[in-house]
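These protein sequence lines map, in sequence, to chains A and B. Taking my numbering, the leading residue of the first sequence gets 1, the next gets one more, and so forth. Taking my numbering, the leading residue of the second sequence gets 1, the next gets one more, and so forth.
Since the hints were made in silico from the structure, they are not lab data. We put the beta carbon where it would ideally sit given N, CA and C, even for glycine. There are no misleading hints in this set.
A few chain B residues facing chain A, derived, Cβ under 10 Å:
(1) 55
(2) 91
(3) 93
(4) 94
(5) 107
(6) 111
(7) 155
(8) 156
(9) 165
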Amino acid sequence: MLDRAMAAISGTGHRVVNGVWRFGFACRFFLAVLLHSGISFRRFSLTIKEIYFSGVLSLIIILVSGLFVGLVLGLQGYETLQKYGSESALGTLVALSLVRELGPVMSALLFASRAGSAITAEIGLMKATEQISAMEMMAVDPIARVVAPRFWAGVISMPLLAAMFSAIGVFGGYLVGVVMIGVDEGQFWSQMQSAVDFRLDVMNGVIKSCVFGVAVTAIALFEGYDAPPTAEGVSHATTRTVVTSSLAVLALDFLLTAFMFRGI
Amino acid sequence: MPSENLVEISDLNFTYDVRPVLQGINMQIPRGKVVAIMGLSGCGKTTLLRLIGGQLKPSQGAVKVAGQSVHELNREDLYNMRRRMGMLFQFGALFTDMSVFDNVAFQMREHTDLPESLIRDLVLLKLEAVGLRGAHDLMPNSLSGGMARRVALARAIALDPMLMMYDEPFAGLDTISLGVIGNLIRHLNNALGATSIVVTHDVQESMKIVDYIYFMSGGQIIAQGSPDELRALDSGFVHQFVHGEIDGPMPFHYPGTKYAEDLALETAHA
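Just chain A, same shape as in the assembly:
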């Protein structure tokens, strides 16, 4: 009995120490990425290539999801607003929901699932097949050459994807509200224009998506770089990327919303 208790305490302590050690390693890794980011801008073609892989190739899933979210928002919004005779505010509801929350959050979650998992798997497999070691032995820093361009590509792609998600979502809301249900088109757009503030709503949404871009890409890169060089290790790292970055996005969203819109 005592042995089991001791083993449990020892196991817990071991996990805590490992967690702290891993967190420290992650911070050092992130710092190294920032310090070695020069090449990502000096040789911007490296970053452009990664923007294509993580940003452009995520466009389809972002646009399709954004359209459906906009369609659903239009339907649900109309159902609720018509009870109070405020159908004309449908445009405002759709736009604010998308620009403030759904655009940055949903696109970050989709980005984590599509691009984040791909980044982790790619870096993990590069490590497992000794490509990272080979690069080091060729006197080329893999943090600067492989990791940093992917990081900045993610950070640049994320707000662009979120903007496209919101734009197509607003179009979805327009299709349902104006084209299908018959809400007045002039009121739909004019109320939206007067209610959505560029600095308070749009810019805060952009800031959110930039922060999510940093979080998701940094987590994906770290998990890949830290993955044990085995099939199982890469598979676990990929799963961890999606789970950790999704939770990070949701938690950061709460914090950012609290600061931005409630002024805590």
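Put chain B on the given structure of chain A with help from the hints.
The following block gives chain B in isolation, referenced to the frame of chain A:
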């Protein structure tokens, strides 16, 4: 005047966590020679190679390459040193998102300001040396194991290194590729005026091409000599290893309880 030995390892110990991997290694690799480090899997050969390349730091002792203590170099000096080293990894480690041409051109583009036209000529020269000039447009996933190894070799010699390191260059190759890689190691070493370290457990192929052999077991050097001297040994671990005998100082059976005990035969008869 440069030292006669390009690599000098003295009293080298390396411990992974608490497990000793290398103990008291002393080794000299003379300039211009091809030296093999042999031993069973897990005896510390690849670790030794990583210590020479500066990817690991010794727990004790020193590794000197061209007179410089590798683990005492700062990052910039270590990278400068590595530019004069080439390493062939066990399965090539080619960059899978680049063509054969781009793989070989990688170091030239990263470390030199050569014009693209000159890089093209140099890459084709290196590929010609390993017999794969015609494959320069292929992607790594279109190559056989032997071809990938040859492309990796062309990439490793891209900047004409002074020291070439080969990590299990013969692993998983057919007999023809085995001979091709063996010949390339020897001929490229002579042509480049380089020094080569071959970590392998392929006795027959490596004995044909190397000048000197270190035998390792349990993280220590247990024998050394020319291929002929080691072939002449008629007993012990080296004899068993060189002649591929199943049983000997390295037993076939993993240590355990008596077989009869495991089958509960002795209890049944009692």
